[in-house]
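Protein sequence lines, in the order shown, are assigned to chains A and B. Take 1 as the starting number for the first sequence in our numbering and just add one per residue. Take 244 as the starting number for the second sequence in our numbering and just add one per residue.
You may find that some hints are simply not true.
[Claimed, not checked] The calculated label-pair distances, taken between Cβ atoms and stated as ranges, are:
(1) A:Gly-179 - B:Ile-525: 55 to 63 Å
(2) A:Asn-180 - B:His-589: 49 to 57 Å
(3) A:Met-79 - B:Ile-525: 53 to 61 Å
(4) B:Gly-643 - A:Glu-194: 24 to 32 Å
(5) B:Gly-265 - A:Asn-84: 32 to 40 Å
(6) B:Arg-251 - A:Leu-228: 43 to 51 Å
(7) B:Arg-259 - A:Asn-84: 25 to 33 Å
(8) A:Arg-198 - B:Asn-539: 47 to 55 Å
(9) B:Val-586 - A:Gly-179: 27 to 35 Å
(10) A:Met-79 - B:Leu-250: 36 to 44 Å
(11) B:Met-266 - A:Thr-183: 41 to 49 Å
(12) B:Val-586 - A:Asp-136: 25 to 33 Å
(13) A:Arg-184 - B:Phe-262: 34 to 42 Å
(14) A:Asp-182 - B:Val-532: 51 to 59 Å
[Stated by the list, open to error] Mimicking SDA-like on lysine to any residue, the simulated pairs with C-alpha atoms at most 20 Å apart in a straight line are:
(15) A:Lys-125 - B:Pro-247
(16) A:Lys-125 - B:Arg-251
(17) A:Lys-125 - B:Arg-245
(18) B:Lys-435 - B:Asn-387
(19) B:Lys-301 - B:Leu-349
(20) B:Lys-546 - A:Ala-100
(21) A:Lys-125 - B:Asp-248
(22) A:Lys-125 - B:Leu-249
(23) A:Lys-125 - B:Met-244
(24) A:Lys-168 - B:Met-244
Bear in mind the hints are in silico, worked out from the structure with no lab data behind them. Just so it is clear, CB atoms sit at the ideal spot from N, CA and C, and this is done for glycine as well.
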Amino acid sequence: MKAWSWFRRMIEVRGVSKTFYLGDSAVHALDNIDLHIEPGDYLSVMGPSGSGKSTLLNMLGLLDRPDDGSYLLNGVDTMELDENERARLRRDQIGFVFQAYHLIPRLTARENVELPLMLAGVAAKTRRAQVDEILDKLGIGSRAHHLPNQLSGGERQRVAIGRSIVMKPSLLLADEPTGNLDTRSGQEVTQILEELNREGITLLMVTHNQSLGDRARRHLRMVDGAILTDHQQAGAEPNRAPA
Amino acid sequence: MRLPDLLRFTTLALRRQRFRSGMLLLAVGLGVAAVIVLTALGEGARGYVMGEFAFLGKDTVIMFPGRKETTGGMPPVTGTSARAITLEEVEVLQRTVAGIGGVAPLVLGNAPVSFEARARDSMVIGTTADFFDIRLLEIAQGSNLPDLALDEGKPVGVIGQKLKSELFDNRRAIGQWVRLRDYRFRIIGVLKGTGDSFGLDLSEAIFIPVASAQSVFNVHGLFRVLMKVQDNHRVDEVKSRVADRMQELHDGELDVTVISPDAMLSTFDEILRILTLGVAGIAAISLIVAGILVMNVTLMSVKQRTAEIGLLKAIGAPSAQVRSLFLAEAALIATAGAVLGMVAGHVLVTVGRHLYPAIPFTTPPWAILAALGLAVGTALLFAWLPAQQAARLEPVDALGRK
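One chain only, chain A, in its complex shape:
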């Protein structure tokens, strides 16, 4: 690898494979994947169920380990990290948005957003300002003291997005973020994610929704654990992350 490439490429995946075994048959969830992602890019990953989209996302999010290959995130070779170091990277550099929100039901909206800061040991005083800012930005300031079951789906997903960006990550991984939402809320959530991307965050979204997928600048189509097409929209340059 050349010396200059490590800061240009946020994600550098080479020859990554992951195989699951269901009984006697092997399923190649990821089959020798190569993928490079520039900082500030906006990608959609589409493909039929079982094509390995979510496995790819989990792999990029350091939630799962590949069987084979190499994965450099911001120049760090993640294959050599132990579980605690991977947790630290997830905490500092990666945000997750899930289809099922994964909010903690006994915590208020505000506390859910605050959770990563809390786990990281940030003082309550420092947290307050950061969380207030995010809640206002996502338009859920007035719902801050509601529990998740008192919120609509769109509001819940906005809380989840708030939680994913509170640590100011450079990479945002969204797995079917609008899958449980009606069209209108889905659009709002998508707009929020795109707004975050415009501000510099690298966004990778797994989706079934064709029109949603088409909005990304770069479209990956996966089939049987391999990237079938990797289409870059003409004229689109990835946003540069503010250094």
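Mind docking chain B on chain A? Use the hints.
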């Protein structure tokens, strides 16, 4: 994670499972309360027995006729057919054995004591003035028995409060003459308090000089001899010197028993302490059972909150942090249960003290510390396994399970 955050997170998790947390609280609380109440009972029993035996006095040697081979046991209630101990021998002991202070030979009998038309069957104790010192008895009115030579009789007596009121009502007893069989005695003193101890209600007794009692009951031998050991002498040394001297006086045959209540008391003390430890141990078993309950509940919690564990890991919580979250829950509930149990135990002990004022129920500090430590310790120990299970979950697996 900061402590207040950890506490809040943990409390919220526990509050969500009210019933489960409540049961745990109850289990741990019961265990701790059991330790506190049972050790209080044990200590109460020990204190009670010690108090009851305290009348035997410190630094005292007791001698009675007959030989008991067993050591450390109770003194026999009645004398045996062995050779009697005489006043002359006691006089020799007092004169020749170093370290003996006051001496109180005892002659005991039952006889009706009468004043005017009233008569009461009473215990008659023939002894010396030293008896009152040795047994820590106080005179309420009048004076003690006079200092007489051991073999000198005198028609005077000291009576207990109860006997006094039975014979004299509220009238003045001092100076009155009472009849005891064929003898008459003038009351010179009244004993203070009930003097109730160890089955002998001294408040119902009349004390007369030992030589007089020998005449009244026509006996020669002594029932007991109490000897006070002087401050600068060791009790066990005086005890063996007394035994040796008596053996000489009885032509080389050791047919008396010499004991010291100090040794006996410390044996009792030790036995009752071990008993307290024993019941504390039994109570502690309930804490271990509570610990197993903690394990089950934590295990359930981990299973139920798998997705949450996955999320925590996804947002960057290291394994150790996930583990400590579950351990904190166990520790918090154990601590809360222990505090609850301590309060409940303390209330029970206080109630016990009011119901039975004679028994000094107190929970020893070591039992409180041990109960608290054991409750939290076992909770942590037993929660470790499920907490570790949670910590080891693969984030992607945990997130996938709903």
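Hints, one by one, checked against the model:
1. A:Gly-179 - B:Ile-525: 55 to 63 Å: holds (58 Å)
2. A:Asn-180 - B:His-589: 49 to 57 Å: Since Asn-180 of chain A and His-589 of chain B have Cβ atoms about 53 Å apart, the given range 49 to 57 Å holds.
3. A:Met-79 - B:Ile-525: 53 to 61 Å: holds (56 Å)
4. B:Gly-643 - A:Glu-194: 24 to 32 Å: holds (27 Å)
5. B:Gly-265 - A:Asn-84: 32 to 40 Å: holds (36 Å)
6. B:Arg-251 - A:Leu-228: 43 to 51 Å: holds (48 Å)
7. B:Arg-259 - A:Asn-84: 25 to 33 Å: holds (28 Å)
8. A:Arg-198 - B:Asn-539: 47 to 55 Å: holds (51 Å)
9. B:Val-586 - A:Gly-179: 27 to 35 Å: violated (52 Å)
10. A:Met-79 - B:Leu-250: 36 to 44 Å: At roughly 38 Å between Cβ atoms, Leu-250 of chain B and Met-79 of chain A fall inside 36 to 44 Å, so the hint holds.
11. B:Met-266 - A:Thr-183: 41 to 49 Å: The hint (41 to 49 Å, Cβ to Cβ) holds, given that Met-266 of chain B and Thr-183 of chain A are roughly 47 Å apart.
12. B:Val-586 - A:Asp-136: 25 to 33 Å: The hint (25 to 33 Å, Cβ to Cβ) is violated, given that Val-586 of chain B and Asp-136 of chain A are roughly 46 Å apart.
13. A:Arg-184 - B:Phe-262: 34 to 42 Å: holds (40 Å)
14. A:Asp-182 - B:Val-532: 51 to 59 Å: holds (52 Å)
15. A:Lys-125 - B:Pro-247: holds (13 Å)
16. A:Lys-125 - B:Arg-251: holds (16 Å)
17. A:Lys-125 - B:Arg-245: holds (12 Å)
18. B:Lys-435 - B:Asn-387: Holds, at about 11 Å.
19. B:Lys-301 - B:Leu-349: holds (18 Å)
20. B:Lys-546 - A:Ala-100: holds (18 Å)
21. A:Lys-125 - B:Asp-248: OK: Lys-125 of chain A and Asp-248 of chain B at ~12 Å, within 20 Å.
22. A:Lys-125 - B:Leu-249: Distance ~16 Å between Lys-125 of chain A and Leu-249 of chain B Cα, so the pair holds.
23. A:Lys-125 - B:Met-244: holds (14 Å)
24. A:Lys-168 - B:Met-244: Status holds; Cα separation ~18 Å.
Taken one by one, the earlier hints fail for this structure at numbers 9 and 12, listed in ascending order.
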